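Novice: Going from the sequence shown to the numbering used here is simple: count from 1 and add 341.
Since the hints were made in silico from the structure, they are not lab data.
Honestly, I wouldn't trust all of these hints.
What the hints assert, rightly or not - Between beta-carbon pairs, the in silico distance windows are: (1) G686 to A439: 33 to 39 Å; (2) Q459 to V706: 45 to 51 Å; (3) V706 to S461: 43 to 49 Å; (4) N460 to T391: 15 to 21 Å; (5) L733 to G490: 38 to 44 Å; (6) D534 to P502: 52 to 58 Å; (7) L469 to P517: 43 to 49 Å; (8) S463 to I687: 46 to 52 Å; (9) G441 to P493: 21 to 27 Å; (10) S463 to S717: 32 to 38 Å; (11) A395 to P493: 18 to 24 Å; (12) L733 to G486: 39 to 45 Å.
Owing to the predicted nature of the structure, the values given are computational and were not obtained by experimental measurement.
Cβ atoms here follow ideal geometry from the backbone N, Cα and C, with glycine treated the same way.
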Amino acid sequence: PPTPTPPTPTPPTPTPPTPTPTPGPTPTPTPTPTPTPTPTPTPTPTPTPTPTPASIFQFDQASYTVNEGGVATINVLRTGGTGAASINYATVDDSASAAGTAPDYTVAAGALNFAPGQNSASFTVTALSDLILESPETVDLVLSGGTVGSNPSILTINDVPPTPTPETCPSPISIPMPVLEPGPIAFLENSGDDLLFGTSGQDSINGGRGNDTVFGLNGADSLFGSDGDDRIFGNPGNDTIDGAAGDDVVFGGKDNDFIVGRDGDDRLRGDRANDTVTGDNGNDVLFGGKGLDLLFGGEGNDTISGDLAQDTLIGGAGSDLFLLGQNGAVADVASADLIADFQVGIDSIGLSGDLTAANLRLETVDCSTVIRLADSGQVLAVVHLVKPEELLGNFVTANITLI
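I would like the entire structure built from these sequences, with the hints used as guidance.
Specialist: This is how it looks when you write it as structure tokens:
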């Protein structure tokens, strides 16, 4: 066989190599623009508040003075603060009082309001008039309700004597001194220091000379001491008693007695009921006691006390002392003792016990002075046709033992 001819191999068509692409330059990305940041506003700083200084309040002076019947203006100053502010004020009793029947001033209390920028304000205190004899009195002034400075203050009220008011006055009281007519004497002792007693009936006794002691007992007796320093006691009954010469002690006792001391420095007491007592000559002490008594000092420097009830006191000649005490105080003028003939600059008003002129209030009624107790308003006496200002300086302390 023929030898096969091998086929001529067809060479493979070479595959051209895929060219490796040459990378182009990587494009630079366009940067995203950074947004412009919104600027943060700078905060406005909160201002630190300026502290407001506290207002300090105080009086502009340490003391003020006003007369009775006047008005005192009290100034208060503010320092430190300038804004609106207020402070409370008040008056407080010291020796002066806003209470009672005769107050010295009217209470002042409230608030002072200061506007912004205002540095001072004021309030007023009214001082009241009265007829009391008194020394200067003081009122404390007080601030509160805020910052108070170091200046406390007081208000001094000065006493002002009342101005007399002209008026039509009543006529002076004219009461003649009674005259004791001696009656018949049934029982007479002529000399010696006698002790004599009457009976239960109507006796007539004369002690005669000497220092006698005479008791009338019951009945309407007529008792006569005669010469000497006698002690005579009328006891019950409407007695008539004449001390005559000497320094006598006479005690009328019950009922309506008529007593005359005559010569000498006598001590005479009407006691109870409506008595008429006359000192006559000498420096006598007369004491009315209970009842509506009529007391005549007569000649000499006499001491006269009506004591209880509605008595009439007449000093007569001499420098007489009209004695007043709290036990004789009554509710109204009509029931008070009447001093009928007070002589200004000669006679005196005697105050007994703890009574002083500072305890009194003087008022004018129908040209006369009504003497009252300042605390209670009770009446001690009426001084006829004498003004309060005329009585100033005529009060004295007098504690006298009567009978």
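Novice: Taking the earlier hints as the rules, which of them does this structure contradict?
Specialist: Violated: none.
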